[in-house]
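There are 4 protein chains.
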Amino acid sequence: TSQTCTTLSLTSEEFTTLHSLATASKSTAYCPYSNFRVGCCLLTTSGAYITGANVENASYPVTTCAERVAFGKAITEGHRGFKAVAVATDIAPPASPCGMCRQCIREFCELSVPIIMFDGSGGYSVMRLEELLPLSFGPEALGVQTRSSS
Amino acid sequence: TSQTCTTLSLTSEEFTTLHSLATASKSTAYCPYSNFRVGCCLLTTSGAYITGANVENASYPVTTCAERVAFGKAITEGHRGFKAVAVATDIAPPASPCGMCRQCIREFCELSVPIIMFDGSGGYSVMRLEELLPLSFGPEALGVQTRSSS
Amino acid sequence: TSQTCTTLSLTSEEFTTLHSLATASKSTAYCPYSNFRVGCCLLTTSGAYITGANVENASYPVTTCAERVAFGKAITEGHRGFKAVAVATDIAPPASPCGMCRQCIREFCELSVPIIMFDGSGGYSVMRLEELLPLSFGPEALGVQTRSSS
Amino acid sequence: TSQTCTTLSLTSEEFTTLHSLATASKSTAYCPYSNFRVGCCLLTTSGAYITGANVENASYPVTTCAERVAFGKAITEGHRGFKAVAVATDIAPPASPCGMCRQCIREFCELSVPIIMFDGSGGYSVMRLEELLPLSFGPEALGVQTRSSS
Ligand SMILES: [Zn+2]
Ligand SMILES: [Zn+2]
Ligand SMILES: [Zn+2]
Ligand SMILES: [Zn+2]
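Protein chains in written order, with our numbering: chain A, 332 to 481; chain B, 332 to 481; chain C, 332 to 481; chain D, 332 to 481.
In isolation and in its complexed conformation, chain A is listed as follows (with noise of 0.2 Å):
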């Protein structure tokens, strides 16, 4: 893990910090269809913690997950710069971001922003964006000029 932190530009505390808030978040979910538990922590450029978990609707498309929510938190309070998302579940190996969700870090992160993945038993794998989601697709394809640095 201190060799991780070095490679992804964390320190220790931000590591533990994202470990722990991810995790606690999973009690956060709403989710009496799945019963899948997720968990997500997104760390921005200027410091702060902000945390999500999924929200399931009886109709299933409507549902929004974890990250989307903590998307959805983080941007209309103002952030706009992101050191690393974290998502912690239940299982192991850890479960990764669905495509929906990866596409939507990508709105909003640099393609090299770290997503750690943590597994119900304190394990963890890590991949970059441009990793998670190669060739994506942008807001440069519509001819939209979107972020904005923080």
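Just so you know, these hints were derived from the structure itself, not from any lab. Remember, it's a predicted structure, so these values are computed and weren't measured experimentally. Watch out, some of these pointers could steer you wrong.
[Stated by the list, open to error] Per the computed footprint, the stretches of chain C lying under chain B, defined by three or more beta-carbons under 8 Å from a beta-carbon of chain B, are: (1) 342-353; (2) 460-474.
[Said to hold, decoys possible] Computed Cβ-Cβ distance ranges for the label pairs, DEER-style: (3) D:458 to A:476: 22 to 28 Å; (4) C:441 to A:422: 37 to 43 Å; (5) C:466 to D:412: 41 to 47 Å; (6) C:441 to D:408: 25 to 31 Å; (7) D:458 to A:474: 37 to 43 Å; (8) B:379 to A:476: 47 to 53 Å; (9) B:379 to D:351: 56 to 62 Å; (10) A:343 to D:351: 53 to 59 Å; (11) A:378 to B:465: 16 to 22 Å; (12) D:377 to C:347: 31 to 37 Å; (13) A:476 to D:333: 37 to 43 Å.
Backbone N, C-alpha and C fix where the C-beta goes; we use that ideal spot for every residue, glycine too.
Assemble chains B, C and D with the ligands onto chain A, guided by the hints.
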């Protein structure tokens, strides 16, 4: 408005606060694709106000509307009962929640919850959820017991 | 039913065909997560019948409901005018389209279009779009002119 | 292209047909909001070609992308095995499927399925699903057995 408040069992202070916060939240929207800002404010039965705004994506279906951003925050922060939902846009007559968001409200609110729609010039309309989404599809159809009171 | 047909400007043959096709389409659903089958059948103004069923995904929000599968087919096959929308499920009383699908219907149909909901035992309910999605949000709110007639 | 076909186990006729149909399908898109046309063509293991295009909505998240329209058709028409997925847009370099659509492809295709992305001037790129959506989230995570072969 005084009579509206009586009908909706809201104090005039609550109504005014819903108006101010839903309207102010419009400025927190991320909507470079539609340029159509929507603000939302929920009032919980415990007296808390939770806001949201639309968060769009280059892949349009990955967009989260203002109402769902607000419910994502509220639910993952532990809120379960809601006294009112307010939305605000820049047009007149006021825009109503899209069908997808009415479905989201259905998951978490009583059928009698008032939905207050503020326009861009101080006017508003009010409808109850059962009027905006009659004969609604909900958790019961799936045989799932979900609603908890707060 | 004879009176229903008169009210809806449908022949009894059209009504019977909508019932048969919507019901038969349930067996084409892909719903390993909800095990809740939904069939849909659209009748176009040119007399064509277009069917669909729900297509779910391990990431629940990536699910496409039966109605949206049917409209996806119809619109990309060039159909623009619709005389009726029928949905069929296995429960009674009959399930209604979720809010997200009501919004989809709103994009492509007149407000008076009848939505026929068949239950699993031969019964049904009928409502017009303007009754299921009153005060709806549509293209006009965005200042976009979209509807074409066929 | 001849070498591409060998690598992808496609005949040059299949490749040409995928190109023609994906490109032609762009004209069936309903995209008054983005004005960004996308066409899609699937080749099933049984040799059938199924097309789709994007179908947008005034409520942006209710939009269905071209790929999901095509899979909605294919799955509800009984197809289960797929040899290739082709998408076509008007820009260059070619646009890739959004993350949400990569997740849809994941539900129904082998990880090695080729995704061919055609640009507006005759060029193209090819990636396999496992390259576009590495470490993907799928049915296994939910303990659901879903994939059937055709
Ligand atoms: Zn997700
Ligand atoms: Zn909405
Ligand atoms: Zn639906
Ligand atoms: Zn897509």
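To see whether the hints hold, each was checked on the structure:
no.	hint	result
1	342-353	violated (count 0)
2	460-474	holds (count 9)
3	D:458 to A:476: 22 to 28 Å	holds, 26 Å
4	C:441 to A:422: 37 to 43 Å	violated, 48 Å
5	C:466 to D:412: 41 to 47 Å	holds, 46 Å
6	C:441 to D:408: 25 to 31 Å	holds, 28 Å
7	D:458 to A:474: 37 to 43 Å	violated, 23 Å
8	B:379 to A:476: 47 to 53 Å	violated, 37 Å
9	B:379 to D:351: 56 to 62 Å	holds, 57 Å
10	A:343 to D:351: 53 to 59 Å	holds, 56 Å
11	A:378 to B:465: 16 to 22 Å	violated, 47 Å
12	D:377 to C:347: 31 to 37 Å	holds, 32 Å
13	A:476 to D:333: 37 to 43 Å	holds, 40 Å
Checked against the numbered hints given earlier, the structure breaks hints 1, 4, 7, 8, 11 and satisfies all the rest.
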